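Q: Just need the whole structure built from these sequences, with the hints factored in.
2 protein chains.
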Amino acid sequence: MSEPVPPCVILNEPQLAENIGAVARVMANFGLYDLRLVRPRDGWPQERAWASASGADWPLNEANVFDRIEDALADLKVVYATTARPRETMLPILTPREAAAELNRASHEGQTIGLLFGGERAGLETLDIALCHAIVTIPIDPKFRSLNLAQAVAVNAYEWRQTVLDRPPAIFREAPEPAVQEQMIGLFEHLESELETAGFFHPPEKKPAMVRNLRVALGRARFSDQEARTFRGVITALSKGRGRVLAKLAEKKRERGE
Amino acid sequence: MSEPVPPCVILNEPQLAENIGAVARVMANFGLYDLRLVRPRDGWPQERAWASASGADWPLNEANVFDRIEDALADLKVVYATTARPRETMLPILTPREAAAELNRASHEGQTIGLLFGGERAGLETLDIALCHAIVTIPIDPKFRSLNLAQAVAVNAYEWRQTVLDRPPAIFREAPEPAVQEQMIGLFEHLESELETAGFFHPPEKKPAMVRNLRVALGRARFSDQEARTFRGVITALSKGRGRVLAKLAEKKRERGE
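From first to last, the protein sequence lines are chains A and V.
According to our numbering, the residues represented by the first sequence are 48 to 305, in order.
According to our numbering, the residues represented by the second sequence are 48 to 305, in order.
Calculated from the structure, these hints are not laboratory results.
Model, not experiment: these values are computed from the prediction.
The reader is advised that the hints may include incorrect statements.
[Unchecked claim] Output of the computed footprint for chain A on chain V, the stretches with three or more beta carbons under 8 Å from beta carbons of chain A:
| id | segment |
| --- | --- |
| 1 | 70-83 |
| 2 | 149-156 |
| 3 | 236-249 |
| 4 | 258-265 |
[Unchecked claim] Negatives, chain A to chain V, calculated, CB over 12 Å:
| id | residue |
| --- | --- |
| 5 | 52 |
| 6 | 90 |
| 7 | 117 |
| 8 | 142 |
| 9 | 159 |
| 10 | 232 |
[What the hints assert, rightly or not] PhoX-like mimics (lysine-lysine), calculated; alpha carbons at most 20 Å apart, straight line:
| id | chain 1 | residue 1 | chain 2 | residue 2 |
| --- | --- | --- | --- | --- |
| 11 | V | 300 | A | 300 |
| 12 | A | 287 | V | 287 |
| 13 | V | 299 | A | 299 |
| 14 | A | 299 | V | 300 |
| 15 | A | 299 | A | 287 |
| 16 | V | 299 | V | 287 |
For glycine and all other residues, C-beta sits at the position ideal for the given N, C-alpha and C.
A: What follows is the structure, given as structure tokens:
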């Protein structure tokens, strides 16, 4: 199955060209490209939008500009309004995740889909929202509701892409393939014998518990083959290498007759 | 049950003060507040950060600045590195959603948690990532990978908040409560310095990769406080103890006039 067509992004009366550019950038990050602008305050095009898009030029180059929000939504079948403060409407209220799941399903059915965002200051009017099929509310902390426009687009675009990718579920690589137990046991015994020599296990009656604790802690790392070999090298280096250095010092002292 | 303490946000070598302000703003949007800056390029404080935070001043007012990434992570128990391009490390790779679930669980258990982000241009070095317990990868479209720093924080902060709102986690403990990073960093540095003395790191140009591999492999064990102390004892015993034994033998030989 091919990837579904992503939602278009409709910005209603956006104010700052920098924000439009930042929206284009984050759209490109998550695979969206259809940008529609309704009455951008400073007109269009605006150089500062391209400057802040960091190379995500194509949504800007292809952006369509509209005088009326109705025209911007005209060809869409499913449109959701994104707002932090849902007004008194009888529309369903969705989280960005629920919205992405619904949009994904609609797009797979061949429906044209879109996400509507209000301008930086005014947000969306109830009348604009009434043109939509649901409200998407980002779970903002009520203590600080001032969400940047591009961040609102980011959260929804991210949820869209995550939803599309989820269908085959995310790959979770936990750790390299672990070494066989034989190798780990060799490592444990090597360590314990060197520690025995170094007088680490005292009092002697505590040795079994100490050995067990060391094995549990190290075993949890699930060393790979290569890592297990490396740590045997570490043990050898620490015990023999340092030993050699000190023995050599002692020898020199002896030579000097100290 | 009270809300879990949210993750702190660590920015490693951030370049633009505007981005730091935008990060503070989006942190406030999603209920985060502990901001840590490692070597901000233009110094700190920077007026432009406050200007671009749109009133989310408190993460900036309280921000802590560090010279070393190790110090910024010192008090944390669980740290994830956010990067779009996971390097060759053996760390688990999580989606922002999986990461939020894990962090939520850890925070409910009273563990200190954090999210590490690289600077705008350079991202994170492999050695920085080696101090973390997992990599969080935002599902960016490979056709346009240039994600704004504040957007990366936004996606993770949003997932944190959504996760916290969604459910108190099922607590199942796989391992003892991990030591703070300070202790693990102390353990790493102790081990590396003894290995240096023992001539383990050769050829010298391979040392960074060897150090990284040792840290990742040992970090995976998630040593508890007690275990971390034990392994420092192990290192001391192996390096000094063995030396003492050999020195004593040499001394005895000398006494016997051999």
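Q: Against each hint, give a clear statement of whether it holds in the structure.
A: Structure-based check of all given hints:
1. 70-83: Check passed, 6 qualifying residues.
2. 149-156: violated (count 0)
3. 236-249: holds (count 7)
4. 258-265: holds (count 4)
5. 52: holds, 14 Å
6. 90: Since the minimum Cβ distance to chain V is about 24 Å, residue 90/A lies beyond 12 Å and the statement holds.
7. 117: Since the minimum Cβ distance to chain V is about 31 Å, residue 117/A lies beyond 12 Å and the statement holds.
8. 142: Since the minimum Cβ distance to chain V is about 7 Å, residue 142/A lies within 12 Å and the statement is violated.
9. 159: holds, 20 Å
10. 232: holds, 17 Å
11. 300/V <-> 300/A: Within the cut-off at roughly 13 Å; holds.
12. 287/A <-> 287/V: holds, 10 Å
13. 299/V <-> 299/A: holds, 15 Å
14. 299/A <-> 300/V: holds, 14 Å
15. 299/A <-> 287/A: This hinted pair holds, its Cα atoms lying about 18 Å apart.
16. 299/V <-> 287/V: holds, 18 Å
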